[in-house]
Amino acid sequence: MAYASLEARGKLARKSDLTLKPRAGHLKHLLSTRTLDIDAVDDFCQLAEAYEVGVATPLRFGGKTVALLFFQPSTRTRIGFEVATVALGSHSIGIEDMSASRSNARTGESLEDCAAVISRLCDAIVVRHHEDGAAARMASKSQTPVINAGDGWNEHPTQALIDIFALRRGLGTIRGSSIAFGGDPRGRTVRSLVHLLRFEAPREIVFCPPPHYEVPGDILGAISENQIRYRIISDIKHALTDCSAIMMAPYDMSDIGEPAASGYVSPNATPDTHVITPEKIEQTRSKTLLYHPLPRHDEIHPACDDLPNAMYFEQVRLSKFMRMAVLDRMLSAN
Amino acid sequence: MAYASLEARGKLARKSDLTLKPRAGHLKHLLSTRTLDIDAVDDFCQLAEAYEVGVATPLRFGGKTVALLFFQPSTRTRIGFEVATVALGSHSIGIEDMSASRSNARTGESLEDCAAVISRLCDAIVVRHHEDGAAARMASKSQTPVINAGDGWNEHPTQALIDIFALRRGLGTIRGSSIAFGGDPRGRTVRSLVHLLRFEAPREIVFCPPPHYEVPGDILGAISENQIRYRIISDIKHALTDCSAIMMAPYDMSDIGEPAASGYVSPNATPDTHVITPEKIEQTRSKTLLYHPLPRHDEIHPACDDLPNAMYFEQVRLSKFMRMAVLDRMLSAN
Amino acid sequence: MAYASLEARGKLARKSDLTLKPRAGHLKHLLSTRTLDIDAVDDFCQLAEAYEVGVATPLRFGGKTVALLFFQPSTRTRIGFEVATVALGSHSIGIEDMSASRSNARTGESLEDCAAVISRLCDAIVVRHHEDGAAARMASKSQTPVINAGDGWNEHPTQALIDIFALRRGLGTIRGSSIAFGGDPRGRTVRSLVHLLRFEAPREIVFCPPPHYEVPGDILGAISENQIRYRIISDIKHALTDCSAIMMAPYDMSDIGEPAASGYVSPNATPDTHVITPEKIEQTRSKTLLYHPLPRHDEIHPACDDLPNAMYFEQVRLSKFMRMAVLDRMLSAN
Chain A
16 MAYASLEARG KLARKSDLTL KPRAGHLKHL LSTRTLDIDA VDDFCQLAEA YEVGVATPLR
76 FGGKTVALLF FQPSTRTRIG FEVATVALGS HSIGIEDMSA SRSNARTGES LEDCAAVISR
136 LCDAIVVRHH EDGAAARMAS KSQTPVINAG DGWNEHPTQA LIDIFALRRG LGTIRGSSIA
196 FGGDPRGRTV RSLVHLLRFE APREIVFCPP PHYEVPGDIL GAISENQIRY RIISDIKHAL
256 TDCSAIMMAP YDMSDIGEPA ASGYVSPNAT PDTHVITPEK IEQTRSKTLL YHPLPRHDEI
316 HPACDDLPNA MYFEQVRLSK FMRMAVLDRM LSAN
Chain B
16 MAYASLEARG KLARKSDLTL KPRAGHLKHL LSTRTLDIDA VDDFCQLAEA YEVGVATPLR
76 FGGKTVALLF FQPSTRTRIG FEVATVALGS HSIGIEDMSA SRSNARTGES LEDCAAVISR
136 LCDAIVVRHH EDGAAARMAS KSQTPVINAG DGWNEHPTQA LIDIFALRRG LGTIRGSSIA
196 FGGDPRGRTV RSLVHLLRFE APREIVFCPP PHYEVPGDIL GAISENQIRY RIISDIKHAL
256 TDCSAIMMAP YDMSDIGEPA ASGYVSPNAT PDTHVITPEK IEQTRSKTLL YHPLPRHDEI
316 HPACDDLPNA MYFEQVRLSK FMRMAVLDRM LSAN
Chain C
16 MAYASLEARG KLARKSDLTL KPRAGHLKHL LSTRTLDIDA VDDFCQLAEA YEVGVATPLR
76 FGGKTVALLF FQPSTRTRIG FEVATVALGS HSIGIEDMSA SRSNARTGES LEDCAAVISR
136 LCDAIVVRHH EDGAAARMAS KSQTPVINAG DGWNEHPTQA LIDIFALRRG LGTIRGSSIA
196 FGGDPRGRTV RSLVHLLRFE APREIVFCPP PHYEVPGDIL GAISENQIRY RIISDIKHAL
256 TDCSAIMMAP YDMSDIGEPA ASGYVSPNAT PDTHVITPEK IEQTRSKTLL YHPLPRHDEI
316 HPACDDLPNA MYFEQVRLSK FMRMAVLDRM LSAN
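Protein chains in written order, with this note's numbering: chain A, 16 to 349; chain B, 16 to 349; chain C, 16 to 349.
Hints in this document: simulated from the structure, not taken from any laboratory.
Just to be clear, a hint being listed does not mean it is correct.
The list that follows gives simulated cross-link-like pairs (lysine-lysine, DSBU-like), each with its CA atoms no further than 35 Å apart [stated by the list, open to error]: (1) Lys156(B) / Lys43(C); (2) Lys43(B) / Lys79(B); (3) Lys156(A) / Lys156(B); (4) Lys79(C) / Lys79(A); (5) Lys79(B) / Lys79(C); (6) Lys295(A) / Lys252(A); (7) Lys156(B) / Lys302(C); (8) Lys79(A) / Lys156(C); (9) Lys156(A) / Lys295(B); (10) Lys252(C) / Lys302(A); (11) Lys295(C) / Lys156(B); (12) Lys302(A) / Lys252(A); (13) Lys43(C) / Lys79(B); (14) Lys43(A) / Lys79(C); (15) Lys43(A) / Lys302(B); (16) Lys156(C) / Lys302(A); (17) Lys79(B) / Lys79(A); (18) Lys79(C) / Lys156(C); (19) Lys252(B) / Lys295(B); (20) Lys43(B) / Lys302(C); (21) Lys156(A) / Lys302(B); (22) Lys156(C) / Lys295(A); (23) Lys156(A) / Lys79(B); (24) Lys156(B) / Lys252(C); (25) Lys252(A) / Lys156(C); (26) Lys43(A) / Lys156(A); (27) Lys79(A) / Lys43(B).
Pairwise CB distance ranges, derived in the manner of DEER restraints [what the hints assert, rightly or not]: (28) Ala284(B) / Gly77(A): 52 to 58 Å; (29) Asp147(B) / Tyr279(C): 28 to 34 Å; (30) Pro282(A) / Arg49(C): 39 to 45 Å.
Glycine included, every Cβ here is placed at the ideal spot set by N, Cα and C.
Here chain A stands alone, though its shape is the one from the complex:
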């Protein structure tokens, strides 16, 4: 959990670098991690750290407004963006339960119209939606940057940037390490993170999925394509033994593609083989770092929270700075 090296801090101190060469500054929207390059990722991480250590100037974006459009409920993502918006000096215009607004299936306004309207009133749009491609559809008609805060089963790019930032922080470097994914492998954060791992050169990626859900083919394809090894295990204990870090997720995320009003509940509780407990950590003398985009259900026992393995709440703390970095680049682009 070392902070930036002295050299890195030295670099950060040259504020002009950050301001003059925003290597992620060419991005019009942030819809997917597939289209990011290593320069953009490094830029986001560097700027996030600059905000964390107080080198980048906060409150630079006074008078700007960020629309938070959450067609799907959220606590931490929404609050995270709101906190980051405030820390930049701008204002968030929140719609926390878009299912209650007229921009929905019931009364039929399209996402495209919603984007056309909101983008004429606000300086950026953050959208979460239960449909794949919702953010891209909004971007097609938006006059301001659109940030995808989760679209159905597809992607959740800012969470993946947070994960990379927190993995780098915990491990020093991801290069050469073995990274495990616990829980439902079909979630959007898995896809977005795998696409970013192609720049980080891990030794291997290990999945510990429930037996009834397969790792999506496009995710395995992306891993192979980037010459990263992967394997599937059936007991999380092996990941505690073999891996430097585990990115946990709920055991079953089937509700991720459901509209807010559906009331659908994911059917499966996490079986013993897939739960992380203090006992297992002790038995395996594991030093594996534990990450989780949260919310957590029952897949990491709360008694793990005080162990040195637990990185998930530190990950939350870091998320603020990464979201500041993303919003900074998006707001600057216009």
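Could you slot chains B and C onto chain A? The hints should help.
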């Protein structure tokens, strides 16, 4: 779509005019357009333009709070007021889904009590409600200005001010022109706008309503009373041929008088005779400007969006400045 | 309704007192009134008055964020905290309907996790919940102060501080007076207020509860323990005759322990014997001051609003300053 003439800009530059003679400054509340006079309308439009071109000082209202009470769901109206509030330097205190609060039928707190309470905490109240007269009821007990953001079938005065501002912008002047209303003629925006058109001296007003809903008698009465001609047509194509501008609305707005929780959906899809399409515009070689308070359902085909006729998104952009003007005058009054 | 005496104002003017000796400054959280001492209560009241008369500096907390987590719906409490937050210069990060978020029973995130996450993003947490002890559970995992804005049947400490502030203001002093509680005696505000009354030395406490609900034993015990007399009456008219002030509450608050989504409605309307009307006030020539935490149902007739007895809307006005005082001390503590 010309901006203010040089002469007009010259006038705007004399800030003292705006500050010293707020001709809408005598208004305690904004509940209806029936009680507005031409001076107040001109004042709102002039101040809106002053905010648009950057002549009026924004952020003048730091520390003021505006309560947004939306008993009925809304996206653009609510976000519009929130953006305008922020642009004035004040804070919006939002209740976006009042159906979830205890100020509702279920637990019985009256609108009057709600107004008495909120007005002791905030500097202005913006209210949308499914009941006719809801804003007036709140105003009767409020210690601060109440702005009607839509009350049932009754009125929506700020939308009408936005429409006038956008019609003047698009047409240069409304005087002598023919203005059409497409879609459900019973909506609150139609009534509010007709009341303002009495100052604008259009040549005629044309309605293209669905055959199953009549134009309300009080609206036709108000038109006749102001010596404006009107006629009813049954195909929107005639409006594309004959009129300078069409103010479209959804074909059926029956849900406008429903509480948020009712889940009622307006029953009718727009028939071909009442839909505006690029083909019809091309066939008629129409130069008619298209307006819409939005949200749009299927009454204007999205392929119209890029035609020079489409003014509805520009109307959204302009709405910000009109809402700033309205809030400015209301907050100044106290 | 006299303002602070000159002597008191003199004291307030010595700002350094307020800043240097925050006698409530040792509080990490505000969960209950049971654990407050007289010094803390006086400090809150003094600071509230300092904000009211403009002696304490507002906007001292720029850049701070306050999370408003309302798992149970609320209008005035939520807006009250939001207004106070804004008046202090900080930003509220609102979740007004937490039943729509994933931090709920449906998808299983615990209150403890919610607190762990939010407290890493915000500088204070205000929580309302339908479960007794919810605020304490959040405090156990929070890294920032937690303010209980009502937890089930248990407590509502900030409302009790507002009530004390407003009772002192109305009565001059509570010492030696007779204070009545009308309506459902099981509510959380009754408990919180009774605990604070132990510092105020009233002569007696009078309950006028519905016949079907008893005053909870722990509340009667706390009164006896503090050597305060109490009695139970069955007609509110006796309180209008005998008491200096009546703190009214809805006749039946059974919905206070219900989750937002339950749709449960309290079953009983207020019978004549328990309603306060202008006629009863006139008949008894009552000078009794009327308080109410609001929302009011039918237990005080609206025609009482303009009588000099009515203190409930003044109580709302004062609430802003007490909430500023509470937030000030909580934000300063960290």
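Notebook entry, point to check: Of the hints given before, which are not true for this structure?
Noted result: Hints 1, 3, 10, 28 not satisfied by this model.
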